[in-house]
Every structure is written in C-alpha cells, then in structure tokens.
Amino acid sequence: MTTTTDAPQGMIFTDEQQAFADAIRDFANRECGTREQRAKLTDHGRELHNQTLYNKVAELGWAGVSIPEEYGGSGGGLVEQCIFHHEVFRGMIPIWGAGPSHTVAGCYKRFGSEQQKQETLSAISNGHVIAISISEPEAGSDVGKISCRAEARDDGYVLNGQKTWCSSAHLADSFLVLARTSREGSPHDGLTMLEVAADLPGVEVRPIDTMGGKEVNDIFLTDVFVPAEKVVGAVGNGWRQVMAGLNGERVVAAAQGVGMAERTLEDLLAYVKERKQFGKAIGTFQALSHRIASIAIEIECSRLITYDVAARVDAGRGTPQELARLTSMAKVKVTETAKHAALEGMQMMGGYGYATEYDMERHVRLALAPPIYAGTNEIQREIIVGTLGLRG
Amino acid sequence: MSATEITSTEGSGFDLNDEQLQLKEVAARLARDRHLPHVHEWERDRESLPDEDRTQLAELGFLGICLPEEYGGGGRPLLDALVVIEELAKVSMQGAWPVFEGATGPARVVHLFGTEEQKQRLLPPVVRGEKTIAVAISEPDAGSAATDATVKAKIVGDEVVLNGAKRWCSGAGHAEQYLVYARLGEELGAAGIGAVLVDKETPGLTFGERENLMGWRGVHSADMFFDDVRVPVENIIIEKGGFKRLFTAFSIERLGNSTNSLALGQAALDKTAAYVQERKQFGKEIIEFQTIQAALADMVVQVEAARMLIYRAAVHAGTGTPVPIEASVAKCFANEMAKRVTDTAIQLLGGYGYSAEYDVERMHRDSHGWAIAGGTPTMQRVRIASEYLGRRFDQRR
Numbered sequence: 001m002t003t004t005t006d007a008p009q010g011m012i013f014t015d016e017q018q019a020f021a022d023a024i025r026d027f028a029n030r031e032c033g034t035r036e037q038r039a040k041l042t043d044h045g046r047e048l049h050n051q052t053l054y055n056k057v058a059e060l061g062w063a064g065v066s067i068p069e070e071y072g073g074s075g076g077g078l079v080e081q082c083i084f085h086h087e088v089f090r091g092m093i094p095i096w097g098a099g100p101s102h103t104v105a106g107c108y109k110r111f112g113s114e115q116q117k118q119e120t121l122s123a124i125s126n127g128h129v130i131a132i133s134i135s136e137p138e139a140g141s142d143v144g145k146i147s148c149r150a151e152a153r154d155d156g157y158v159l160n161g162q163k164t165w166c167s168s169a170h171l172a173d174s175f176l177v178l179a180r181t182s183r184e185g186s187p188h189d190g191l192t193m194l195e196v197a198a199d200l201p202g203v204e205v206r207p208i209d210t211m212g213g214k215e216v217n218d219i220f221l222t223d224v225f226v227p228a229e230k231v232v233g234a235v236g237n238g239w240r241q242v243m244a245g246l247n248g249e250r251v252v253a254a255a256q257g258v259g260m261a262e263r264t265l266e267d268l269l270a271y272v273k274e275r276k277q278f279g280k281a282i283g284t285f286q287a288l289s290h291r292i293a294s295i296a297i298e299i300e301c302s303r304l305i306t307y308d309v310a311a312r313v314d315a316g317r318g319t320p321q322e323l324a325r326l327t328s329m330a331k332v333k334v335t336e337t338a339k340h341a342a343l344e345g346m347q348m349m350g351g352y353g354y355a356t357e358y359d360m361e362r363h364v365r366l367a368l369a370p371p372i373y374a375g376t377n378e379i380q381r382e383i384i385v386g387t388l389g390l391r392g
Numbered sequence: 001m002s003a004t005e006i007t008s009t010e011g012s013g014f015d016l017n018d019e020q021l022q023l024k025e026v027a028a029r030l031a032r033d034r035h036l037p038h039v040h041e042w043e044r045d046r047e048s049l050p051d052e053d054r055t056q057l058a059e060l061g062f063l064g065i066c067l068p069e070e071y072g073g074g075g076r077p078l079l080d081a082l083v084v085i086e087e088l089a090k091v092s093m094q095g096a097w098p099v100f101e102g103a104t105g106p107a108r109v110v111h112l113f114g115t116e117e118q119k120q121r122l123l124p125p126v127v128r129g130e131k132t133i134a135v136a137i138s139e140p141d142a143g144s145a146a147t148d149a150t151v152k153a154k155i156v157g158d159e160v161v162l163n164g165a166k167r168w169c170s171g172a173g174h175a176e177q178y179l180v181y182a183r184l185g186e187e188l189g190a191a192g193i194g195a196v197l198v199d200k201e202t203p204g205l206t207f208g209e210r211e212n213l214m215g216w217r218g219v220h221s222a223d224m225f226f227d228d229v230r231v232p233v234e235n236i237i238i239e240k241g242g243f244k245r246l247f248t249a250f251s252i253e254r255l256g257n258s259t260n261s262l263a264l265g266q267a268a269l270d271k272t273a274a275y276v277q278e279r280k281q282f283g284k285e286i287i288e289f290q291t292i293q294a295a296l297a298d299m300v301v302q303v304e305a306a307r308m309l310i311y312r313a314a315v316h317a318g319t320g321t322p323v324p325i326e327a328s329v330a331k332c333f334a335n336e337m338a339k340r341v342t343d344t345a346i347q348l349l350g351g352y353g354y355s356a357e358y359d360v361e362r363m364h365r366d367s368h369g370w371a372i373a374g375g376t377p378t379m380q381r382v383r384i385a386s387e388y389l390g391r392r393f394d395q396r397r
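Chains as they are written, first to last, in this note's numbering: chain A, 1 to 392; chain B, 1 to 397.
Where hints are given, some of them may not hold.
As the list claims (entries may be wrong) - Lysine-lysine pairs mimicking DSSO-like chemistry, simulated, CA-CA at most 30 Å apart: (1) A:K280 to B:K24; (2) A:K230 to A:K109; (3) A:K145 to B:K280; (4) B:K154 to A:K276; (5) B:K154 to B:K240; (6) B:K240 to A:K280; (7) A:K230 to A:K56; (8) A:K276 to B:K284; (9) A:K40 to A:K280; (10) A:K214 to A:K230; (11) B:K244 to B:K280; (12) B:K240 to A:K276; (13) B:K154 to A:K280; (14) A:K273 to B:K152; (15) B:K284 to A:K145; (16) A:K280 to B:K244; (17) B:K244 to A:K276; (18) A:K40 to A:K230; (19) B:K244 to B:K284; (20) A:K214 to B:K152; (21) B:K152 to B:K280.
Note that these hints are calculated values from the structure, not bench results.
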C-alpha cells in the first residue's frame, strides 16, 4: 500500500531524512526481513534485543542518532530520532534497548557534565544500552511517591529501595535511577538522578514476566554505594530533569507506535489479500475492508501528528504548554491506534492471528503495553486537561 | 473487596432457582479449592485438566448435566450447564473445558441427532469422564466458509473411509474421540456434509504438531490428518445433508462459548474492582478518579448485558435448543465484551495488568480465542442480519 511506504508529509522530510528512513528500511529488510531471520535473532521470539545486531546499528551511527557528533553521534534532532524508532518498529528490528538508551541520552545532553557526556553519550553512540528507572511499586503515575533513598555518605550516596517496570535494565550496563535525597519541600523536590552501574554490589535486576516477554524489570538496591560524580544534573533537581525529557520520550513512543501500527496493517493486508473464503479474498468483504480503511485513516493521522509534533519540538515552535499538550496527544493517539489495529488484525486473521506462528499475536501483545508505559494514557489526558485550563 | 456481582435477575424472567444457585456454589467452590492452586502451573506447562479432575467433574454430574438421564446424564436445562461453566471458567479454562465440550459441544450433537444405539454407546463414557469428544470442522481452506470442507468420508461396505486434513481442532491429540465433519457425498456445499465419530487411536489418524497460540494454553490445538482412516458406518452421527439441521446444536455451542467469554469478563471485572479500591496514587484509591469509575461502570454494563443476552437465549432453550438468532446475538456481544473488558482491566491495572502474575493478561489472551472459535463475531453478524430479516445472504456473490 503506497500510503504506508511513502514518507509522511514530504514537506517535512528533507532528502537526508528520507534517505535515512530508506537506509533503515533496507537494513531491516536485509537483517531481519524474514521470519527465519527474526527467529534466529530473537531466540524464537523469546528475546526482544540482539546485541550483535545493535552493534551493527551503532556502527552505522544510528545508535547515536540524536547525539552530538563530538560524542560519537550523528547530531540529529527529534525528527531523526522518530524516523529511527518508527522504522525500527516497522521493520521489527530486535533492538529493544535503543528506546531507553535514547531517553537517557536526552538527560545527559541536557544535564550531564562534560565528563559524563564524554563517557555516557559516547557509550550510547557505541551501542551500549543504558536504562532509566523512575517507577516504584507505590509510585507509578504518582511520581511524587518515590521512596527509594539515596543518602549522602563519604564522597557519594548509598541507595536503598526498590524500583520497578524498568525497561531494558536486564540489557543495560547502567541505569539512571531517580532516588530521594531529601524529604524537604514538595514531594517532587528532593529527587535526584544517579547513574548506577548494573554490576555494583547490592544491585539486583529481576525480570518481570509480562505479556510482551522480556521487557521490564524490578531493580532491588541494597546499600549500593554510588560515587558523587555519578549524580546527573543537580541534587534535588531530578524531577525537573525527568520532565524536561518527557516531550521527547512521548514523541518517541508515538513514533514507535506508528511503526508498530504500519507493520500491523501491512501484515494484515498481506493476509486478507491472500486468504480466500467463499471463493474470494476475505479483504474484499465490506465487513472487513471498511474496518481496514478506518485503521488506515487512523494510522495516517497518527503519522501526521507524530512528525508534526517532533518538528515543532525540534524547532521550539510553541510554548512549553503547547508542546507538552501536543506530545501527550501524539502519544495517546498513536498508541491507541496501534493497539486498535492489532486487536482488529487478530480478529480478522482468525486462528492465524492467534497462532504464534504468525506475527499478529505478537503485535497485539506488544501494542497493549504502550498505552500503559511512558506515562499511562490516563496521565497523558491529565496533562492535556492541565493545558486546557481544566484542572480543578 | 466490596464488589458486588449482580447475580439477581429478578423480574427479568431469568431468575436462577435454588438448584441453580446451589450448582453455582458447588462449581465455584470446586474451582476455588481444586483448580485455583494449579492454574499458574497449568498455564506455564500448557497443560489440560488432569484426568482425576475430569473424573471429579463427572462425579459432580457436570459433564453430562444436559444429557438425558437414561444415559447417565442430569437431564438439566441448558442454563444449569452455563451457570457451572461460568463459575469454572472464572478460575481456569482448563476446568471449564470438559464441561463446555460435554454440555454444549459435540456430545450434544450425538444427543440431539444420534441413533438410540449411538447414544447408548457414546454418551455414558462422556458422562463418566472417561472420554471427551472434540470437534473437527475447520480446514486449511474452510474456516468461516465451513461448508467448503473437503475431508472425504467414503462409505465402503460397512465402513467409512476418511481422507483429508482438518485444522484448528481444539482438543486434537488430547481428546479421546472426534466428531469429524466430512463430505459423505458428491453434492457441493452443505448438502454433501455429514459427521463421523472417530476414535483417537484409529489407524491412519495422525496429529500435527501442537499449535502455539497466544492464549488457550490449557487446550491442545492441532491439525488432524486422515489417511484411509476406517471406522464402522455405525459411527456416522449425521448423514449427508444433515448439516443444516446442525445450526440448533451449533447454537448450544455458541452459548457455551459465550459463557466462557462472560466468565472472563466477570473475572476481569472482579480483579479490577479489587485493584482499583486497593491501589493508591495521588493520595487516594484510584477508584476515586472519575475516569476509573466510568471505566469500571462500562465493564459492569457490558458484563451484565452479556449475561442477560446469554440467559435469555438459555432460558428460551430450556432443555432443548436455543433460537439461533438469540444465540448469535449473545455470542457476538459476549465475545467482543470479553475482549474489551479484559483490555480495560489491563489498562486499569497498568503494569500489573500487563504482567503474568496478575492473571488479567491471561484472561485477555484467552478472550481472543473465544472470539475466533465457533463462528467469529463477523460471521455472527451475517447470521443475525440473515435471521432478523428472514433472508439468506450469499457470501459468494
């Protein structure tokens, strides 16, 4: 279907950006275009990340897509980052660790010291996975409830507590942990970002068995000593630093959703064109074809809002409120579209949609998570509500 | 947990009587005491209900609950079976499956259309929990278009010889017997199709590798291959041309299917009701937020509406068969209800909903299977329009 393979809004994509999208698409076709290739790279779907493949991505300069060139990156902006994640998801390239690493890169770009940037941004550009850990069992949507402690001692901090839902921690060299250094002031004050190496004594990463497979982890921190130079940004400024990265995180989640939805539609179209019942391709029955048309419409809207917002954020076009509203809107719109497309795809493919032998059931399982992560869609709506002046 | 399951259907004409309430209680207790402790293990190992547990279902009279008393059954109305299925399916698919098969599945086809000799021979082992009869109907190229079935059943002397392949047979490789829909004559479409009962051990019958499905981990599913499989002609349950009459039996099965969807919706609602009153964010239980109240209310509305549609069809069926349109309406609504309600449950439980430990993700995965099996909602809509208007719509035009 031509509308899904053409660049979204040609007026936004420069030739370079289009070439970048094409290059990732070629890479995906070459490296993981077939089910057999993907099965091999993911241990038959059990893994979502293949480090050897990610190293190749890094060699191409894409792991540092939006990291400045002096730290080994390609110096792109949010649009380029979106193109990357969009195509990675569309191509089902199993490099799950890329998403969190890019969120982390944003934090370092904004708040890291020169030395931290040299170390960590370069590591990310080189294909190292670094995770970020905010949620706790009692602090999900309500970040102010974070209770994981970081107590100042000697020349550093001693961390104690439990973090949860940390994406890719099991793949990561280290993770940025949002921990409480003080109980003074409002609940959002007193939070500090620290980079915790995964191999430090007292760190335990425990994978959580989810519908999506190996994605997220609990992290248990017991008397973990982190040197003071591992504080990223200012002590007590952790929440504001997280907030500063949220626009980017939401737009990237949206871009991933666009890729996910496009792939779902492509797989669905291939099936309904080939599958015959009652003597004709099932995609020609209105009960299916009009629903598919609706999905295609939603995907087109998703693509437009995602790249429009990404370009606005890059250009700083809009007030902080407007940008926050738009990035939340994009995240909601796209993740709900991707989920709807997958649920419909499974129903239309019948037993073939349900069997793990085909990709559709995987699309469903993976599409159920994005409305929950990176700020649930309920929280996104709260953000939108706030920008509309409706918060009580 | 203060969630109230609305079981009173007072004034609706669908009241559960004392006996049904008691059945419900017994089934619920069995599921809680005997099945619940094993569900995670069964799911992890993709196991069906162990034989001793199936025997227990038999001893409680659940497997033959709707089969006539002269064959050892309970002779009870369809609603009784559905009440039992709901309670078992709220806890596990494994526990409900044999009752679904026995009370609303192929055993009912034998009951409704079999000869006296066939009923005498085939039904008591089902009632006693010694044998489960599964159904083999879909084929690689005959899914929604079931009457395109190509498996041949040729009568040679006093035997029927089967050749061909079936797909998506739930229970394949596990059930002891199969009711196989096959072409008994040269006539095209439904006119040539009948049904033959085949034992698992019959020479020439082999099973494909077990399918890996997103859900339904407690039910085997596989292709079945028939290579000169010979069974006595006495095993022809439905003569050729009898396929059309089967819509009555399929309507029973649709209500069994719908009830499994209902159970998933109710169980997901129960879990959600507990969670939203326990989980605190922003200093209060999350149910204090209107959006959560509305989402929960929508779950309640949908679950209750599904139950009413199913009960109506079942009450009208009595000990007989449902009105087809009522069964189709119930299935169409209940299947989609379960998918939506379990999806909402995942969303409201957030990360916990997505993780294996909290069960609602399993319920969601299972809910899709019920909407794919037994005639999809898309096909039910075709049936509904057709029945409602008294017209036939040719899908081939």
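Checked hints:
no. : hint             : verdict
1   : A:K280 to B:K24  : 46 Å, violated
2   : A:K230 to A:K109 : 15 Å, holds
3   : A:K145 to B:K280 : 10 Å, holds
4   : B:K154 to A:K276 : 27 Å, holds
5   : B:K154 to B:K240 : 11 Å, holds
6   : B:K240 to A:K280 : 26 Å, holds
7   : A:K230 to A:K56  : 29 Å, holds
8   : A:K276 to B:K284 : 53 Å, violated
9   : A:K40 to A:K280  : 35 Å, violated
10  : A:K214 to A:K230 : 28 Å, holds
11  : B:K244 to B:K280 : 55 Å, violated
12  : B:K240 to A:K276 : 25 Å, holds
13  : B:K154 to A:K280 : 28 Å, holds
14  : A:K273 to B:K152 : 28 Å, holds
15  : B:K284 to A:K145 : 12 Å, holds
16  : A:K280 to B:K244 : 23 Å, holds
17  : B:K244 to A:K276 : 23 Å, holds
18  : A:K40 to A:K230  : 37 Å, violated
19  : B:K244 to B:K284 : 57 Å, violated
20  : A:K214 to B:K152 : 45 Å, violated
21  : B:K152 to B:K280 : 61 Å, violated
Of the numbered hints listed earlier, those contradicted by the structure are 1, 8, 9, 11, 18, 19, 20 and 21.
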